[in-house]
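Visitor: Chain A is fixed; fit chain B onto it per the hints.
Protein chains: 2
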Amino acid sequence: MAAALTASTLLAEHRPTLDQALEAIRTRAYWSPHPEHPKAYGEEHGSLDAAAGRAAFDALLGTRLDLGQPGTDDWVGGEVSPYGIGLGVSYPHPDLDVLLPAMRAGQRAWRDAGPEQRALVCLEILKRISARTHEFALAVMHTSGQAFLMAFQAGGPHAQDRGLEAVAYAYAEQVRTPEAAEWTKPQGKRDPLRLTKRFTPVPRGIGLVIGCNTFPTWNGYPGLFASLATGNAVLVKPHPRAVLPLALTVRTAREVLTEAGFDPNLVALAAERPGEGIAKTLATRPEIRIIDYTGSTGFGDWLETHARQAQVFTEKAGVNTVVVESTDDYRGMLANLAFSLSLYSGQMCTTPQNLLIPRDGIRTDQGPKSYDEVVADLARAVDALLGDDARANALLGAIVNPDVKARLEAAAGLGEVALASRAVTHPDFPGATVRTPVIVKLDGTKPDDRAACLSECFGPVSFAVAVDSAADALELLRRSVREKGAMTVGAYTTDAEVERAVEEVCLEEAAQLSLNLTGGVYVNQTAAFSDFHGSGGNPAANATLTDAAFVASRFRMIEVRREA
Amino acid sequence: MAAALTASTLLAEHRPTLDQALEAIRTRAYWSPHPEHPKAYGEEHGSLDAAAGRAAFDALLGTRLDLGQPGTDDWVGGEVSPYGIGLGVSYPHPDLDVLLPAMRAGQRAWRDAGPEQRALVCLEILKRISARTHEFALAVMHTSGQAFLMAFQAGGPHAQDRGLEAVAYAYAEQVRTPEAAEWTKPQGKRDPLRLTKRFTPVPRGIGLVIGCNTFPTWNGYPGLFASLATGNAVLVKPHPRAVLPLALTVRTAREVLTEAGFDPNLVALAAERPGEGIAKTLATRPEIRIIDYTGSTGFGDWLETHARQAQVFTEKAGVNTVVVESTDDYRGMLANLAFSLSLYSGQMCTTPQNLLIPRDGIRTDQGPKSYDEVVADLARAVDALLGDDARANALLGAIVNPDVKARLEAAAGLGEVALASRAVTHPDFPGATVRTPVIVKLDGTKPDDRAACLSECFGPVSFAVAVDSAADALELLRRSVREKGAMTVGAYTTDAEVERAVEEVCLEEAAQLSLNLTGGVYVNQTAAFSDFHGSGGNPAANATLTDAAFVASRFRMIEVRREA
Numbered sequence: 001m002a003a004a005l006t007a008s009t010l011l012a013e014h015r016p017t018l019d020q021a022l023e024a025i026r027t028r029a030y031w032s033p034h035p036e037h038p039k040a041y042g043e044e045h046g047s048l049d050a051a052a053g054r055a056a057f058d059a060l061l062g063t064r065l066d067l068g069q070p071g072t073d074d075w076v077g078g079e080v081s082p083y084g085i086g087l088g089v090s091y092p093h094p095d096l097d098v099l100l101p102a103m104r105a106g107q108r109a110w111r112d113a114g115p116e117q118r119a120l121v122c123l124e125i126l127k128r129i130s131a132r133t134h135e136f137a138l139a140v141m142h143t144s145g146q147a148f149l150m151a152f153q154a155g156g157p158h159a160q161d162r163g164l165e166a167v168a169y170a171y172a173e174q175v176r177t178p179e180a181a182e183w184t185k186p187q188g189k190r191d192p193l194r195l196t197k198r199f200t201p202v203p204r205g206i207g208l209v210i211g212c213n214t215f216p217t218w219n220g221y222p223g224l225f226a227s228l229a230t231g232n233a234v235l236v237k238p239h240p241r242a243v244l245p246l247a248l249t250v251r252t253a254r255e256v257l258t259e260a261g262f263d264p265n266l267v268a269l270a271a272e273r274p275g276e277g278i279a280k281t282l283a284t285r286p287e288i289r290i291i292d293y294t295g296s297t298g299f300g301d302w303l304e305t306h307a308r309q310a311q312v313f314t315e316k317a318g319v320n321t322v323v324v325e326s327t328d329d330y331r332g333m334l335a336n337l338a339f340s341l342s343l344y345s346g347q348m349c350t351t352p353q354n355l356l357i358p359r360d361g362i363r364t365d366q367g368p369k370s371y372d373e374v375v376a377d378l379a380r381a382v383d384a385l386l387g388d389d390a391r392a393n394a395l396l397g398a399i400v401n402p403d404v405k406a407r408l409e410a411a412a413g414l415g416e417v418a419l420a421s422r423a424v425t426h427p428d429f430p431g432a433t434v435r436t437p438v439i440v441k442l443d444g445t446k447p448d449d450r451a452a453c454l455s456e457c458f459g460p461v462s463f464a465v466a467v468d469s470a471a472d473a474l475e476l477l478r479r480s481v482r483e484k485g486a487m488t489v490g491a492y493t494t495d496a497e498v499e500r501a502v503e504e505v506c507l508e509e510a511a512q513l514s515l516n517l518t519g520g521v522y523v524n525q526t527a528a529f530s531d532f533h534g535s536g537g538n539p540a541a542n543a544t545l546t547d548a549a550f551v552a553s554r555f556r557m558i559e560v561r562r563e564a
Numbered sequence: 001m002a003a004a005l006t007a008s009t010l011l012a013e014h015r016p017t018l019d020q021a022l023e024a025i026r027t028r029a030y031w032s033p034h035p036e037h038p039k040a041y042g043e044e045h046g047s048l049d050a051a052a053g054r055a056a057f058d059a060l061l062g063t064r065l066d067l068g069q070p071g072t073d074d075w076v077g078g079e080v081s082p083y084g085i086g087l088g089v090s091y092p093h094p095d096l097d098v099l100l101p102a103m104r105a106g107q108r109a110w111r112d113a114g115p116e117q118r119a120l121v122c123l124e125i126l127k128r129i130s131a132r133t134h135e136f137a138l139a140v141m142h143t144s145g146q147a148f149l150m151a152f153q154a155g156g157p158h159a160q161d162r163g164l165e166a167v168a169y170a171y172a173e174q175v176r177t178p179e180a181a182e183w184t185k186p187q188g189k190r191d192p193l194r195l196t197k198r199f200t201p202v203p204r205g206i207g208l209v210i211g212c213n214t215f216p217t218w219n220g221y222p223g224l225f226a227s228l229a230t231g232n233a234v235l236v237k238p239h240p241r242a243v244l245p246l247a248l249t250v251r252t253a254r255e256v257l258t259e260a261g262f263d264p265n266l267v268a269l270a271a272e273r274p275g276e277g278i279a280k281t282l283a284t285r286p287e288i289r290i291i292d293y294t295g296s297t298g299f300g301d302w303l304e305t306h307a308r309q310a311q312v313f314t315e316k317a318g319v320n321t322v323v324v325e326s327t328d329d330y331r332g333m334l335a336n337l338a339f340s341l342s343l344y345s346g347q348m349c350t351t352p353q354n355l356l357i358p359r360d361g362i363r364t365d366q367g368p369k370s371y372d373e374v375v376a377d378l379a380r381a382v383d384a385l386l387g388d389d390a391r392a393n394a395l396l397g398a399i400v401n402p403d404v405k406a407r408l409e410a411a412a413g414l415g416e417v418a419l420a421s422r423a424v425t426h427p428d429f430p431g432a433t434v435r436t437p438v439i440v441k442l443d444g445t446k447p448d449d450r451a452a453c454l455s456e457c458f459g460p461v462s463f464a465v466a467v468d469s470a471a472d473a474l475e476l477l478r479r480s481v482r483e484k485g486a487m488t489v490g491a492y493t494t495d496a497e498v499e500r501a502v503e504e505v506c507l508e509e510a511a512q513l514s515l516n517l518t519g520g521v522y523v524n525q526t527a528a529f530s531d532f533h534g535s536g537g538n539p540a541a542n543a544t545l546t547d548a549a550f551v552a553s554r555f556r557m558i559e560v561r562r563e564a
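Protein chains in written order, with full-length UniProt numbering: chain A, 1 to 564; chain B, 1 to 564.
Chain A with its partners taken away, still in its complex shape:
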């Protein structure tokens, strides 16, 4: 097939976007080229509108998604939506001894294309994904259980932003060294020494992306695009419950690579049979030199220990804390926290788990509030937020898997329940498991309670932990981050000294801090190009999305020098 996407076409279309992304990661001001509103998509924008996206998604159901990959020895699948419908899509299962060598075949041409061309091809992939955001949104919704609007935004534009951010970092990193240099060293009275040097960024090998169930695209795109933009082939191993969004991503990438004259096998999918555990096999293959993983601490630690031939980037579990010490906007704080606890049923790696509240109460603009009052008011705020079933469904989404449901049910036994979880009926999907969050009271000085709050309890479970003082809260915060890791920390305080102290804990323990959020920004949300996701400096993750360290070791700079 002739290359339909020429270098000059790509340059004209995407270089301005790349430049804007480069500027955004430098200033960290707000920027995104991907609209958040579902109505911003449609034929007039060169994209699928809601109806077309729905039709595209429906057409996928019950089909075999043939990506045209070499070395396919079987067709596997069996995703059942958290909303209760079986997707019935089957995907290629790889014969690795055929697929992996095939993936390497196109690497030389991809390497020789250089950083800019690779970045532009990645931007074209993202553009085509963006155009099908409505279709992807349904794929994310019916694998992660996110409510539609969240699946649309987090799985669509926000994930695309994170992918583009990784491309921008990858490009910037590769062009920090020039393509060539003339080196002339004076030698006193003798002739100077002169060398001509050429510098080429070379890939490490094949990057493996191990996807997660809850955010297949948002957590998958940074690694995928960082590896691809730095010249590596990328094999995507989705979570078995969330294959479709990444399979569509791979399909799009393969189309664009082909049209741009590159080998489509630079990006491939590895779906697995139930219980196969293909990630372990893949992670230790010598061809795999980079791994991006989001998931449990157990397997993340296993990867870091065993996949020694690879650069391993992990986002694992953590225990996120909000310190509630005082506030000058009590209602705003409660509303903000209620939303954070409820969004996607707390199934975000960034959802607060432990709310540390002094047992003597807190100062607020509404007067002093006792610990019990704060907890009761928060429970009421959650109730108010989720009292209407339609709004509850739109915020909560569905419980993603039975483990989360079991943890939610067990949590009520850990302490006094301040807010009981209730089941919500979904009008369109009677099979969906929709639950409001539970809030359990714990006493931070009791060993059992302390142990409970120092374990990650992923899902719609939060602990209102009574602590003796702000100092005790900070000590528990420090211990949580140091021992268990944290993707996010929040704090509410009007006391400048407490504020400085919580900042100091976060700087020392390397945790990202949100202070006194009372409006429409939530501790569990980060924005590409501006916020880092995780820090890479505490046990929750060994990398952050996305900084130079996330991309710099994905390629090596090789120098060829000769006398001038």
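In case anyone wonders, no lab produced these hints; they're calculated from the structure.
One thing to keep in mind: the hints can contain errors.
Copies of the same chain are indistinguishable here, so a pair counts whether it falls within one copy or spans any two.
[Claimed, not checked] Taking lysine to aspartate or glutamate and the EDC-like style, the derived pairs with C-alpha atoms no more than 16 angstroms apart in a straight line are:
#1 Lys39 <-> Asp301
#2 Lys185 <-> Glu36
#3 Lys189 <-> Glu373
#4 Lys127 <-> Glu259
#5 Lys446 <-> Glu416
#6 Lys189 <-> Glu36
Guide: Quick look at chain B alone, frame taken from chain A:
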């Protein structure tokens, strides 16, 4: 003590140098602020001249080097110069449970000083080291066995260049994210969301530098300065045979830190008792979060496997190859190779080991040369270079330790000796072990010979390996790099196709390539700010000196955001 070095003094004095270094790593043109010629030092330049440096060095001998460190439970030492004299210097042995906490005490102020101030303090340390280059040169000479001029240049200005290069990369990396950002996200008709964000680079913890015997400063400075400039405290664990150069470095760093108002314990020395193996203990301490290591593959692999709490940067062993396929400057090639094999008795991680030569001979500007002729001519070139004992001593230096001597002696048994090693008497140091290199003929198609040339034989041993063809040479080169790693690759060819093929092997296997060097630049030498040292992409090293990947993960960027 009042801070004698104020921020503004440091800024005025060192910011221009930092800017030049930043420009040099961007253009990779030749640059160095550190003069190479011994006569460029003296009182008129604010530095020690040869006599003063000698006096300073002599005054150290037989003394206790008290660095004023806390937690010193013993005084240890016992370095014997490869030139045969005992140094008699003793150094502090640490009680780690006292020293490590003391090293953390000053980290907050060091962190709060910010990237620029840290860089400027590092530049002041380097300036003071530079002023004492004559003293350091003797310390390097009498620990590594390098001849004086090499100890002066490689241990002095070149090491200082590498330290400065690491500071420049560290600074650049930390300031890529702004200190603060205003983030305003439009919300249609509603008020925009507004956040104020602050970004602070925070250290990982304590960096551990594990020094080597042969290049204590050159290989030690990049990690030391990269960690220090990114806000970490640094503990230097020298090789027990090469403590003095790093102890002087630590002393200088502690002086400057104190004068600049910081805690001197941000940099400390950990000397060890004979056979103590303190590196293993240190490497797995939770306080140690970064490790820089140069040395054997065995211990490097151990560190990568066991020091899981730390970012581990290793330079290990490799098998360096030069492909000799054809040349249009036969004499230049022979002279260049002879020098490379002889410099510091081949005790450089970058010295060529295997010279791959077609058994049917090569084309040259002097007519065709058979394999035997090439090897014999190379042997003659080495003989000519080292025929004069004074020049031999000035080039070879001394054999650094008995292991190298034993390997040299055993090498003669591996095949036909094309050039025998001879002992050279040193006029000033009768106790020095000085040896010329041995060249042994091997046949690349014989299994035993192949095994010999695929093992690293560190020291003045080179193998002239007969291969069937250029293609065979490239296959053996590829296998050597892939399986054993390589710090350097060289090639001589006038054939454009062979040149492209050897470049391709180096790009694919991630090895740094020098082509057709016939003048005054040698395959085993790299220049800071322009050449990378190692690639980090083959088994010889997991990092390169020095690029962004070498510094980017030594700190984490922590964000504090609040509503604007």
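Visitor: Hints first: check each against the structure and report whether it holds.
Guide: Going down the list of hints, with the structure as the test:
1. Lys39 <-> Asp301: neither (42 angstroms within a copy, 55 angstroms between copies)
2. Lys185 <-> Glu36: Close across copies (12 angstroms), not inside one copy (55 angstroms); limit 16 angstroms.
3. Lys189 <-> Glu373: Close neither inside one copy (85 angstroms) nor across copies (35 angstroms); limit 16 angstroms.
4. Lys127 <-> Glu259: Intra 14 angstroms, inter 55 angstroms, cutoff 16 angstroms: intra-copy only.
5. Lys446 <-> Glu416: within (13 angstroms within a copy, 77 angstroms between copies)
6. Lys189 <-> Glu36: between (66 angstroms within a copy, 15 angstroms between copies)
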